[in-house]
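Student: Residue 32 in UniProt numbering sits at position 32 of the sequence shown; the count goes up by one each step and never skips.
These aren't lab readings, by the way, just hints derived from the structure by calculation.
A few of these clues could be false.
Below, simulated DSBU-like cross-link-like pairs (lysine-lysine); rule was C-alpha separation at most 35 Å, straight line [said to hold, decoys possible]:
1) 68 with 120
2) 132 with 43
3) 132 with 120
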Amino acid sequence: MNAATNLLNQPACAQRMSEVRPVYLEALTLVERLHRRLLDVVKDEFDRRNRSDVNAIQALLLYNIADKELTASELRTRGYYLGSNVSYNVKKLVEMGYLHHARSRIDRRSVRISLTPKGKEVHDIVAQLYEKHASTVEQIGGVGADEFKTLNTSLSRLERFWTDQIRYRL
Numbered sequence: 001m002n003a004a005t006n007l008l009n010q011p012a013c014a015q016r017m018s019e020v021r022p023v024y025l026e027a028l029t030l031v032e033r034l035h036r037r038l039l040d041v042v043k044d045e046f047d048r049r050n051r052s053d054v055n056a057i058q059a060l061l062l063y064n065i066a067d068k069e070l071t072a073s074e075l076r077t078r079g080y081y082l083g084s085n086v087s088y089n090v091k092k093l094v095e096m097g098y099l100h101h102a103r104s105r106i107d108r109r110s111v112r113i114s115l116t117p118k119g120k121e122v123h124d125i126v127a128q129l130y131e132k133h134a135s136t137v138e139q140i141g142g143v144g145a146d147e148f149k150t151l152n153t154s155l156s157r158l159e160r161f162w163t164d165q166i167r168y169r170l
């Protein structure tokens, strides 16, 4: 029997698990809902500007690339983009003129991407949106710096927990 199974058999652990389970499941629901809501907020900003040329996922992808030159796989490994269709969106953004697409000078097999001026324009729209939110979230949303620090610590720990579940097959 492994250590995790031993822990689950202890009465105190069972009590603790019954306390953690509902708030853990609520957190999962909130994380999923917040991700969808962020996409809605970004889409709304582009709708207000009468911009339908990129979708919210593509806009966030361009925002996260910023002034960097990356490969598509680096977008995933650095956590900038977690979608399964990164190749599709990169291809579409190249075709629409938002991304430069060039072979790496060091490794010719690798393709590097970076923003074009058109991509930088989309990046700047998202950056302005985030700046507006950062300047009003405390007064309007009631969430201040200390709460964000606590939230970020908890979300980072949860991300690490999930990463370990996959990496170590826990």
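Student: State for each hint whether it applies.
Tutor: Okay, the hints, checked on the actual structure:
With a CA separation close to 11 Å, the supplied pair residue 68 and residue 120 stays within the 35 Å bound. For the proposed pair residue 132 and residue 43, the alpha carbon gap of about 15 Å is at most 35 Å, so the pair holds. Under the criterion of a C-alpha separation no larger than 35 Å, the hint pairing residue 132 with residue 120 is consistent with the structure, at around 18 Å.
Of the numbered hints given earlier, the model fails none.
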